[in-house]
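S.K.: Sequence:
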Amino acid sequence: MKKTTNKLSKPLNRQMSDVAFVRICILPVIILLIVINIFPLFYSLILSFSEYSARKTISPDFIGNANYKALLTDPAVWIRFITTAKYVVMSVAGEMILGFGIALLLQEKFRGRGVLQTLLVLPMTMSPVIVGLMWKLFMDPNWGMFNYLLGLGRIDWAQDPNINIYAIVIADIWMWTPFVMLLSIAGLSAVPKSLYEAAEIDRASWWFKFTRITLPMVSPLLMIALIFRVMEAFKVFDVPMGISGTGSSAPPLIAMKLYKDTFLTWKTGYGSALGYIVLLI
119 MKKTTNKLSK PLNRQMSDVA FVRICILPVI ILLIVINIFP LFYSLILSFS EYSARKTISP
179 DFIGNANYKA LLTDPAVWIR FITTAKYVVM SVAGEMILGF GIALLLQEKF RGRGVLQTLL
239 VLPMTMSPVI VGLMWKLFMD PNWGMFNYLL GLGRIDWAQD PNINIYAIVI ADIWMWTPFV
299 MLLSIAGLSA VPKSLYEAAE IDRASWWFKF TRITLPMVSP LLMIALIFRV MEAFKVFDVP
359 MGISGTGSSA PPLIAMKLYK DTFLTWKTGY GSALGYIVLL I
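The number in this note's numbering is simply the position in the sequence shown, starting from 1, with 118 added.
Hints were generated in silico from the structure; no laboratory data involved. Hints may be right or wrong, so weigh each one.
Below, a list of computed lysine-lysine pairs in the DSSO-like style, where the Cα atoms sit at most 30 Å apart [unchecked claim]:
1. K385 with K187
2. K204 with K187
3. K227 with K311
4. K227 with K327
5. K353 with K187
6. K174 with K385
7. K187 with K174
8. K353 with K378
9. K378 with K204
10. K378 with K187
11. K174 with K353
12. K311 with K327
13. K174 with K378
14. K204 with K385
15. K204 with K353
16. K353 with K385
All of these numbers come straight from a predicted model, not from anything done at the bench.
Starting from the given sequences, assemble the full structure and let the hints guide the process.
M.R.: In structure tokens form, the structure reads like this:
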């Protein structure tokens with residue numbers, strides 16, 4: 119009996135030692151994640167209730183919800199929120215329509231379809247800052263090709279504060295339409311062919327097949343794309359910085375104000391409060 123118990127306890131002890139070894143290996147990663155992500159998150163929450171500048175050596179001075187009250191009663195902040203909302207609507211709507219439309223076209227079999235699909239995905243693989251700088255050069259009023267191809271005059275898309283928001287929308291649509299396209303292709307390829315065959319037998323119209331078969335089957339993935347793009351577009355910073363910089367001509371987006379308050383004017387507590395408002399939204 120003792121021999122049997124010893125034989126059973128050996129694999130159990132070995133399994134427990136393996137689990138302990140795995141936990142020891144994972145522990146440094148967990149500590150690193152806490153230091154990099156969780157600690158700054160909670161520390162910035164404390165700073166959002168304080169008057170503090172990271173450039174000064176003075177300790178944070180607790181002021182309650184004064185930063186939040188100042189932000190929510192500042193008309194300039196609301197203007198930036200409204201401008202950001204307009205930007206999100208324009209860019210995400212363009213990406214959803216173009217991405218889904220291109221995916222529908224790529225469902226047709228033609229020569230070079232795989233190569234074309236690969237080329238269409240390339241913008242999504244680029245760094246957002248590089249995309250912004252590239253479109254800034256492309257829209258340059260002196261020697262950029264954008265105005266020339268559209269037959270426009272010397273329009274400074276990047277530095278004109280009245281229209282640079284549209285330049286950012288165009289660049290964002292160009293970059294992220296492939297993301298919607300890929301999710302749409304995945305959804306379209308999962309639609310059973312038998313549904314279309316049954317619709318053909320019933321002589322259903324193209325519109326009927328699109329609204330009753332295609333769209334309902336692809337809508338879950340389209341919803342994922344919509345949620346992801348709205349979240350990302352609302353906090354966009356890289357592309358606007360690449361196109362217009364962070365000076366006086368920068369577009370009035372909420373992420374640009376967050377950057378200016380935190381890293382240019384060094385109002386760290388004020389910027390932290392704005393960051394948490396954006397996070398909650």
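S.K.: All the hints need checking, so say for each whether the structure fits it.
M.R.: Right, here's what the structure says about each hint:
| no. | hint | result |
| --- | --- | --- |
| 1 | K385 with K187 | holds (15 Å) |
| 2 | K204 with K187 | holds (24 Å) |
| 3 | K227 with K311 | holds (15 Å) |
| 4 | K227 with K327 | holds (19 Å) |
| 5 | K353 with K187 | holds (21 Å) |
| 6 | K174 with K385 | holds (10 Å) |
| 7 | K187 with K174 | holds (24 Å) |
| 8 | K353 with K378 | holds (14 Å) |
| 9 | K378 with K204 | holds (21 Å) |
| 10 | K378 with K187 | holds (19 Å) |
| 11 | K174 with K353 | holds (28 Å) |
| 12 | K311 with K327 | holds (12 Å) |
| 13 | K174 with K378 | holds (17 Å) |
| 14 | K204 with K385 | holds (27 Å) |
| 15 | K204 with K353 | holds (13 Å) |
| 16 | K353 with K385 | holds (19 Å) |
Of the hints listed earlier, there is not a single one the structure fails to meet.
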